[in-house]
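Quick note, the sequences are listed as chains A and B, same order.
Following my numbering, the numbering of the first sequence begins with 1 at its first residue and continues without gaps.
Following my numbering, the numbering of the second sequence begins with 1001 at its first residue and continues without gaps.
Hints were generated in silico from the structure; no laboratory data involved.
Beta carbons: idealized from backbone N, C-alpha and C, even for Gly.
Worth double-checking, as some hints may not be accurate.
[To be verified] Just a few of them, taken from the derived set where beta-carbon distance is under 8 Å, the chain A residues facing chain B: (1) F52; (2) L92; (3) E140; (4) D176.
2 protein chains.
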Amino acid sequence: MSKIIIHGIPGSPYVRTPLLVCEEKGAPYELAAMAFGPGATRTPEHLARQPFGRMPAIEHGDFKLYETQAIIRYVDRAFDGPALSPSDPRALARMDQVLNIVDWYVMPSISSAIGFNRIVKPIFGMPVDESARTCVKALEDILAAKPYFAGEAVSLADLSAIAHLDFLARTPEGADMLAGSPLLGWMERMAERPSVAKTTMQKMMNLPESAAA
Amino acid sequence: MSKIIIHGIPGSPYVRTPLLVCEEKGAPYELAAMAFGPGATRTPEHLARQPFGRMPAIEHGDFKLYETQAIIRYVDRAFDGPALSPSDPRALARMDQVLNIVDWYVMPSISSAIGFNRIVKPIFGMPVDESARTCVKALEDILAAKPYFAGEAVSLADLSAIAHLDFLARTPEGADMLAGSPLLGWMERMAERPSVAKTTMQKMMNLPESAAA
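Next comes chain A alone, as it looks inside the complex (with noise of 0.2 Å):
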């Protein structure tokens, strides 16, 4: 198969899930970083990849691709590598339903968490760090026991969640939340990952490993 291309910010949670999931793979895969700044993602030539300015977007040979998740199940389809999607149906319900938390409230708290205050705070009408751990709490409440959220093996829930609860951690005030929270096991597990090694912020954006986020 040919080389996926993916477009987007180093460091970026959304644009490190399908880096994360390409390295699982062992799929082959080019990032072709974009540069930070004011209007990077809003220029003709990004527009024309992803009319809403969001990254990432990918190009797998003639075929061009946005959203995150849409991304990250093509790439567990299209390559060959460790299936990242249980079989069982209910499973694999529970991979879906983490992946859309992530979307929907992991992604606003993030951002509270970076100081996106004024955005965040009208949509859920209550304070930010109620927002926030009841995303922490519904995360440990589906992960329970296991050792991953769909089961006893990696799937694209627990590669689209430490992108962005890995960033948390390295906020004070999201290590504060997550202090004594069972997520922090399978943090470790995750840590543990040469993807999720090979990925962090500070490696994307060519950081010391010390630097906060």
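For chain A, the structure is supplied; the task is to place chain B on it using the hints.
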């Protein structure tokens, strides 16, 4: 298979989506209608089903699930009846992409059409009309000359999108925006489906069919 219990407020596009999918599959279901009103989705009973206070949430025997995308993918897999997901990987990626476009972009545009301008505008950083038009254009580009978003057959993508776009088309500004759009042919095809006719907002809320949205 036992009946699916769907909790939600009748008339909500996100509640309609699983109803459409159950109808298309011929899956047995029951709508457990929640009252419409302030705080309706934040009762302790509902928060136990959906900790973020959103809709819908389902029960299938002892299996509980929330998040619309996860629910409809589960119903498609768990029941006999026509497959609502294509088997070709690229067609399936298009379906996945549209499901996410609905969540990320159609939903806020629809919300804007019914008056949530204050929430939507700061997120997109641009006038609401432009955001909604970008949305309609992106869906037109994906539909292209195909009868349905993922190809020759109806998929979850069409059923998700119609629940929102049908609603949009019934508002004066939405009708203006869709005038002359290639999406109208698709909407006509969708309107002919019994599942769509059976679950209109008017039917769900016991309103006369002529009632405006």
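Failing hints, ascending?
-> Per hint list: 3 and 4 violated.
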